[in-house]
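A.B. asks: Each chain, written out:
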Amino acid sequence: MSAEAAALDVDRIRRRNRRRRRAAVAARYVLLTVLAVIVFFPIYVTIVNSLLTPGQIARRPPTLFPTHPEWSSYSKAWTQGNLGRYLLNSFIVTTVIVVGQVVTSIAAGYAFAFLEFPFRRTIFVLFLATMMVPFEVTFFTNQATVVALGWYDTYLALTVPFLATGFGAFLVRQAFLAIPPPLRDAAELDGAGHWRFATKVAVPLARPSIAALAVFSFFGAFNQYLWPLIVTKDERLRTVQIGLRYLRGTQIDQINVTFAGTVLAALPLFVLLLLFQKHLVRGLTAGAVKG
Amino acid sequence: MTAIDLPPERVAARRRNRARKRREALLAYLLISPALVVFAVFVFYPFAKNIWLGLYRTPPFPGLPKRYAAYDQYARVLTSPEFRGSLRTTFLFVAMTVPTGLLLGLLMAVLAHQKLRGIAIYRTIFSSTVATSIAVASVIFFTLLNPQVGLLTYLLGREGEPSVLDDPRWALVAVAGVTIWQNLGLSFILMSAGLQGVPDDLLEAAEIDGAGAWGRFRHVVVPLLSPTIFFATIVGSILAFQAFGQIDLLTQGGPLRKTNVIVYAMYDAVFRQNNEGKAAVLSVALFAITLVLTLIQLRLLERRVTYER
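Sequence order for the protein chains is A and B.
The first sequence runs 18 to 308 under my numbering.
The second sequence runs 581 to 889 under my numbering.
Bound conformation, chain B alone (with noise of 0.2 Å):
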């Protein structure tokens, strides 16, 4: 049927839908741009960008051409023993911190959730860390730590000696332990956010029939509390693959690179060796650790959905 064929009022109510329509989308249009304009410029541009900055090595001198490598940079930064190391010690970073970080928060969590008197102060001091930024905690614990008058040298018998910062063997212990205080405001907070969905009846049906603290624990919160303790790991993971604030402050990748995380990795690369193309080949390998973990994540959130309803 053609638009001829009907009558006149029908004609002119199509075209009003139309319009109305085409300023709906006008509007959308509008609103999302800004946005889309941010993204575009710093998220989606400078992604590929670093693709291809990958596929060319920089020049040695600042002013000479870029030379095109195809995937010859990716297999030789990928495979030299630098980006081993690096790979090796932000992998160590990540396995100290996450899941101690975790433990202790839901240890404190669970200790916080019963109704006992003053109470309240403790979970503020729990959540205190929180108010730390990485920057805070980092230049308490540098400050604490000097050789001749940190409070933390003396308690650890090593005054006299050269900082916990400044010895391979320690260095990224001590960096980690700083990690985890920082982040324990955080992780005591997620973690009593999931024990609120714990119902308390459960709790007392379990203490009924004659479990322990222990077995509650075991057997009512730990499996009541896994999709909170799923999220918090790969979370974790994701954001102490991205560590950088704590190196730069506390040791700059050193001593002997044994601190050495990928994205300080990048971050010297960029800005001390004016190397690109490496922090570019860099980049995409955390991109792709961050992907495999986000995959892994997206993957769970599914199942639990499915679970659930």
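So that you can see chain A by itself, here it is in the shape it has in the complex (with noise of 0.2 Å):
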């Protein structure tokens, strides 16, 4: 084979190999683009839907562009469908939950990371033992005791049951753990008392940690759904959720406030993915190794 032919050759293959790159590349993008209609295609067709008229969600063919958009829905779901109130309730009871997890995380991780105590182990156990038992299995019990206590229809039921966790002691624990015990000396020689170590030096370093212990219990604390449903009838406690099962029943002639509704539902979750993305996928990703 001449030295021309040859090229000529590597060339054919070079050529060939681009096509290919090519060819992979647009179909990675027909999949990808399949794939993200299958996720969004719901949510674009609530959004359209919740600017449409009745009428219009009605009319076939379906409109899959609002040219007139009807704004009105919003303002009826967050007046008349009240969920200005139950955003208000579920950002009240999430905001108690996820600082009273965090605090009694930090406290009881700090004490099972640095102080010496009797039972240490044992209670540590006991700690992680929490996590086997899912409120899934309790919540029956659970309401009987809320009932008992007089909490029923009070921010306290929706609370207070979740102002600890197993899960996020053992999380902030760990972190703790992870602090070169030679600064933990340092603090010591320098006089730093527990208060201003912890302050100081170790809540600072774990804050990754408690940043994905917030994000996690944000999620949990916002979705909930079974808890509030059997410890509050009153309207004034409503969470979001709970709220959108009573917008789900509205008849046709309001159907539209119904999607804009569960619009104004997700948005609070949504803007903070958009803002929060990577603590997000921390937070989701430590909570994901729970039981």
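Hint data in this document are derived by calculation from the structure and do not stem from the laboratory.
One thing to keep in mind: the hints can contain errors.
Cβ-Cβ distance ranges computed for the label pairs, FRET-style [to be verified]: (1) Ala599(B) to Leu105(A): 46 to 52 Å; (2) Trp794(B) to Asp270(A): 50 to 56 Å; (3) Arg37(A) to Ser806(B): 42 to 48 Å.
Nothing here was measured: the structure is a model prediction, and the numbers come from that model.
Quick reminder that beta carbons are idealized off the backbone N, C-alpha and C, glycines included.
Using the hints, put the two chains back together into the complex; each one sits in its own frame.
C.D. replies: The following block contains the structure:
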């Protein structure tokens, strides 16, 4: 084979490879787009339908683009559907639970990581054991407890059972244990007490884990369904997830309001997703290790 | 040696040391007590009470005394056709949702892993369903499946027919579909995080060795990702066994109890049939299932740790 022929051959192979690579990239985009449509179609249709009139929603073939968006469904969902109040309740409950879980987890995690006390191992095992008992196992007995305590239809019922988790304490303890001992010794030599060491060294160093815990508990608390359903009846205490249950049953002439309501209910987490994608990933993956 | 034999300054030091230790223990108990109180009241007490409740038959009318039934109630509930039906439904639900959800999540993660133009948009779309709670997802699909005006009813060609949610053959499939969709975001995020741990140079080496896309996936990605896949399977199954919201919002356990998963059956037993005893037995069964899955998970965790070190 002559030199020119060989060069030509190499050239042909190179061109073929390039063509193949381009075809592979195109195929990848096609697959990506098909999946994206599957994932996003229900969300897209919900947004579109929330901007149509009930008459337009019923029209066939269906309208897939709102030429004259009708925003009144949102104000109706907010006021008549009372979603403003429900969202506020969800935020109150979620904030209390997140703050409570972070505080109790830091406190317990600190004790398990840095303090000596009798029965430390036994109590730590008890903390871990709580992860083995899902809330779905005990919900109705806890409901009876809440009723007996006179907490039915109160914010106490919605929050107190979730102010501590074994998972949170475990996560923070692990983060504390990862702090190099020399740092602790240095703090001790400086005469720093527990409070100073915790606030100036331990907690700041454990911040990634604490943020992950906060994100994870935020999602859990905001999305709760079964528990608020069985411990509240009063509309003034209704969370947004339960509000959706009532919105679901509306008549067809209000169906655009139902769609608007679901958009409003999903919006807070969607904004959080866009703002804190990194933290979110860490929080959700940390949470997934939990049993 | 007794304390009397020691020089006075060492006695004092020892005493100071003991006092310091006592103070440290006191502080520790103070720090763990809030969590312990919550656990005692809302985890350990109800758990023990459920086991005990299972031994007593709930009276047919409130106000009558509970009757001790020993293990009779456990045996009776656990062998009842209703429980077996519910268990079958729950296992079917888990089998329909978990593998499909994971595979789709894995597929999306692999496709979105490479650096391509516009990939950030795809990533955001793929994770978008984490923003939808189970209630949001259920209400969206409930409305889209409305027998008169629902868009999905139209696309499925079922206009003028009863909703799929009222069809005994399709109700569970529909509920599973909604659940899979709602979990896609989480599944994608988990799998993407797992993929971050697959070194790029390994994939490049495989490519240079002539491995195609499928070969790289099958022989490099899957083995390296297997811990993530195992974990996601176990955790996903545990969560699927706890499904409730989608059932309550879409089918209320019907039609013909075809979607009466175990947690919904518990809810139904307590709040509709006033039968705490039955719910207690079901709760113990759910706990046993969760325990088995958790033990499998711990086993895998142990093995993974020993392999890595």
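A.B. asks: All hints, please: hold or fail.
C.D. replies: Here's how the hints hold up against the structure:
no.: 1; hint: Ala599(B) to Leu105(A): 46 to 52 Å; result: 50 Å, holds
no.: 2; hint: Trp794(B) to Asp270(A): 50 to 56 Å; result: 52 Å, holds
no.: 3; hint: Arg37(A) to Ser806(B): 42 to 48 Å; result: 30 Å, violated
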